[in-house]
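Chains as they are written, first to last, in the numbering used here: chain A, 120 to 303; chain H, 120 to 303; chain V, 120 to 303; chain P, 120 to 303.
No wet-lab data here; the hints were simulated from the structure. Check before you lean on any hint, since a few could be wrong.
Computed, partial: chain A to chain H, Cβ under 8 Å [unchecked claim]:
1) L174
2) V176
3) A177
4) V191
5) R196
6) P221
7) P223
8) F224
9) I226
10) E228
11) F230
12) T236
13) R242
14) V246
15) W269
Label-pair restraints from in silico Cβ distances [unchecked claim]:
16) P/S271 <-> V/E206: 45 to 55 Å
17) V/D257 <-> H/E141: 41 to 51 Å
18) A/S277 <-> H/L214: 26 to 36 Å
19) V/S271 <-> P/S277: 43 to 53 Å
20) H/E273 <-> A/I182: 50 to 60 Å
21) H/E274 <-> V/E141: 22 to 32 Å
22) A/W269 <-> V/V235: 36 to 46 Å
23) A/G256 <-> H/I182: 47 to 57 Å
24) P/P303 <-> H/S181: 18 to 28 Å
25) A/S181 <-> H/E141: 34 to 44 Å
26) P/P241 <-> H/I182: 41 to 51 Å
27) H/M212 <-> A/V235: 43 to 53 Å
28) H/E273 <-> A/R139: 48 to 58 Å
29) A/S164 <-> P/S181: 56 to 66 Å
Predicted, not measured: the structure shown is a model, and the values here were computed from it. Even for Gly, the Cβ is constructed at its ideal location relative to N, Cα and C.
4 protein chains.
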Amino acid sequence: MGYNGQMTETTDTTPEWFSRDELEAVRGRLPILYVDAVPVRTDDSGAVTHVGLLLRVAPDGSISRALVSGRVLYHERIRDALLRHLEKDLGPMALPQIPVSPQPFTIAEYFPTPGVTKFHDPRQHAVSLAYVVPVAGDCQPRQDALDLVWFSVEEAASPEVQAEMTGGQGVLLRQALAYVGQLP
Amino acid sequence: MGYNGQMTETTDTTPEWFSRDELEAVRGRLPILYVDAVPVRTDDSGAVTHVGLLLRVAPDGSISRALVSGRVLYHERIRDALLRHLEKDLGPMALPQIPVSPQPFTIAEYFPTPGVTKFHDPRQHAVSLAYVVPVAGDCQPRQDALDLVWFSVEEAASPEVQAEMTGGQGVLLRQALAYVGQLP
Amino acid sequence: MGYNGQMTETTDTTPEWFSRDELEAVRGRLPILYVDAVPVRTDDSGAVTHVGLLLRVAPDGSISRALVSGRVLYHERIRDALLRHLEKDLGPMALPQIPVSPQPFTIAEYFPTPGVTKFHDPRQHAVSLAYVVPVAGDCQPRQDALDLVWFSVEEAASPEVQAEMTGGQGVLLRQALAYVGQLP
Amino acid sequence: MGYNGQMTETTDTTPEWFSRDELEAVRGRLPILYVDAVPVRTDDSGAVTHVGLLLRVAPDGSISRALVSGRVLYHERIRDALLRHLEKDLGPMALPQIPVSPQPFTIAEYFPTPGVTKFHDPRQHAVSLAYVVPVAGDCQPRQDALDLVWFSVEEAASPEVQAEMTGGQGVLLRQALAYVGQLP
Numbered sequence: 120m121g122y123n124g125q126m127t128e129t130t131d132t133t134p135e136w137f138s139r140d141e142l143e144a145v146r147g148r149l150p151i152l153y154v155d156a157v158p159v160r161t162d163d164s165g166a167v168t169h170v171g172l173l174l175r176v177a178p179d180g181s182i183s184r185a186l187v188s189g190r191v192l193y194h195e196r197i198r199d200a201l202l203r204h205l206e207k208d209l210g211p212m213a214l215p216q217i218p219v220s221p222q223p224f225t226i227a228e229y230f231p232t233p234g235v236t237k238f239h240d241p242r243q244h245a246v247s248l249a250y251v252v253p254v255a256g257d258c259q260p261r262q263d264a265l266d267l268v269w270f271s272v273e274e275a276a277s278p279e280v281q282a283e284m285t286g287g288q289g290v291l292l293r294q295a296l297a298y299v300g301q302l303p
Numbered sequence: 120m121g122y123n124g125q126m127t128e129t130t131d132t133t134p135e136w137f138s139r140d141e142l143e144a145v146r147g148r149l150p151i152l153y154v155d156a157v158p159v160r161t162d163d164s165g166a167v168t169h170v171g172l173l174l175r176v177a178p179d180g181s182i183s184r185a186l187v188s189g190r191v192l193y194h195e196r197i198r199d200a201l202l203r204h205l206e207k208d209l210g211p212m213a214l215p216q217i218p219v220s221p222q223p224f225t226i227a228e229y230f231p232t233p234g235v236t237k238f239h240d241p242r243q244h245a246v247s248l249a250y251v252v253p254v255a256g257d258c259q260p261r262q263d264a265l266d267l268v269w270f271s272v273e274e275a276a277s278p279e280v281q282a283e284m285t286g287g288q289g290v291l292l293r294q295a296l297a298y299v300g301q302l303p
Numbered sequence: 120m121g122y123n124g125q126m127t128e129t130t131d132t133t134p135e136w137f138s139r140d141e142l143e144a145v146r147g148r149l150p151i152l153y154v155d156a157v158p159v160r161t162d163d164s165g166a167v168t169h170v171g172l173l174l175r176v177a178p179d180g181s182i183s184r185a186l187v188s189g190r191v192l193y194h195e196r197i198r199d200a201l202l203r204h205l206e207k208d209l210g211p212m213a214l215p216q217i218p219v220s221p222q223p224f225t226i227a228e229y230f231p232t233p234g235v236t237k238f239h240d241p242r243q244h245a246v247s248l249a250y251v252v253p254v255a256g257d258c259q260p261r262q263d264a265l266d267l268v269w270f271s272v273e274e275a276a277s278p279e280v281q282a283e284m285t286g287g288q289g290v291l292l293r294q295a296l297a298y299v300g301q302l303p
Numbered sequence: 120m121g122y123n124g125q126m127t128e129t130t131d132t133t134p135e136w137f138s139r140d141e142l143e144a145v146r147g148r149l150p151i152l153y154v155d156a157v158p159v160r161t162d163d164s165g166a167v168t169h170v171g172l173l174l175r176v177a178p179d180g181s182i183s184r185a186l187v188s189g190r191v192l193y194h195e196r197i198r199d200a201l202l203r204h205l206e207k208d209l210g211p212m213a214l215p216q217i218p219v220s221p222q223p224f225t226i227a228e229y230f231p232t233p234g235v236t237k238f239h240d241p242r243q244h245a246v247s248l249a250y251v252v253p254v255a256g257d258c259q260p261r262q263d264a265l266d267l268v269w270f271s272v273e274e275a276a277s278p279e280v281q282a283e284m285t286g287g288q289g290v291l292l293r294q295a296l297a298y299v300g301q302l303p
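Bound conformation, chain A alone (with noise of 0.2 Å):
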């Protein structure tokens, strides 16, 4: 969303796929799809345990965090997007569990307005379908500016790390939290 800059932005070269520039005009126009993982880890009972976050520091020192998150792509399934923004940014061997269900747990709509949902994203209207996603392997965050930590559900719905999250992706954290019986 816009709370990742470019550094998310997928450069398509495949003619099917829009230029930087025509996805530009298009923005202001559609609302464009994108998927939202929050990346858990779990006890044997499946139960959630950890809430992985990326960590990205602007050039000013400050730090934001941030759910894996990225457009959708034309012909391209949902679990197939999923699984390259996930593989992008935790690495080859993360080895996400992508749901058997195409069933989101919400859907979350960032709109260029702030307040008429709780979600913002001043480039575009993005309408993201949420998952929550166990990873079970070793993440090695890929893109230079990203790491990724993992939190507590309890330090993750903290006050601190909800500062830290930008564009209404605090709250959806806490959705997902909500959802997996979690939230404190």
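Since the structure of chain A is provided, determine the placement of chains H, V and P on it from the hints.
The following block gives chains H, V and P in isolation, referenced to the frame of chain A:
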């Protein structure tokens, strides 16, 4: 979806929205966000008794049946898109009960290439959030060629009705029946 | 649950059901099936605007607030149990819209031992299927000590109201708000 | 459920639990809480490819197929009951991925009276929380009379396999396929 042809196409005159030509150009390059609504009648305990399907007669006399379906516009909330399409197809007195949760019962991914998923739309890659919507009022379809017929859940899942649905909407209807606990 | 004391206890005279003594004996040895309903008011687009909570004043003047909650009886369908408890607590003119799907938004597991889950009932191990139920009509609580108060979603999630809820129902209420996309 | 006969009956020796005689007495008077699990194999993208069904041969040579199913015990969490029954029926190396969310895909209400719902258990009124559970490891059914057979989703929904399932579990299986987007 494709089965609706030009009839359900929203012609948007607001500047932020697309002309038909522009939309056609985008359709080959970006997944387009849709909503699908399954109108139902319920008894006092909330159990689904009937499913409403739109009827269309083609120039050659062939009959097809369809769910309420349509695009989500720029800067439009999912629930407003649902309400708009239900009012357009069922009339202003239908009194649809839009679901309280944004969680759809499934996501229908209509691909332009047949066979990628169970859903097909030759015009575009459409990703549709699917909801079951109880309708308590009087339905008066407002589009010329459309009528609305209420089927029992057994009839709705029958081979005869299924054969009259296109683009995979027969599967989507049965998924809805499964969701409400009424799959025969 | 435990917070309801004897007030919401169903005294069953039908032979297949339990006397109070028998029920007490069973309660220490079997999980007891419950339903929890979160009554809500919605706007025309289905968005939740208010949450209804039952009020109870204890002999010492202390106030507690509760969801609509109660046992599922032998040979009773879930949706009939929901309807029965809603009518009992909100009156015959409440016009609750029982959900079309049996899929609850969560399962609340009330344990007699505190801390096993977020839910606690000193009397029993109760497993409760939780639903959000829009209520369109007039609510007239019929039990002597009960009143119903409508809170905005912000008020319902506030520390003040949360502090007046017991047994973990404050958490369950916030899970319901997350489910309907209204967690503050 | 009833189709399992005495084989899957948990004989509990802990004082808080019931003797078989006591359980029989309770069964005619209280809904009994169950879990149903649909074991599945998935590909890397999380799409379900196969469904596992338990096989049983009756003394008369007739074959029946069943989901993993069993009672929730006093003071046992849902996810622990799921894990226990999956290990009991699939062996200790099955590595089931218990869902992160307590939200079941449906509730199956098995009534002793046929026809009240789609589910029937002559022994009792059982209310079952139903989950789809990916199984990544080796399955070695441990009960004498049980084998586990993996079916493609098409086979699982076929009239032949459906005819070998009892008590409504064929419907429950197809509801699971609908939930994972694989209903043929």
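**OP:** Against the earlier hints, flag every one the structure doesn't satisfy and list their numbers going up.
**Re:** 1, 2, 3, 13, 15, 18, 21, 22, 27, 29
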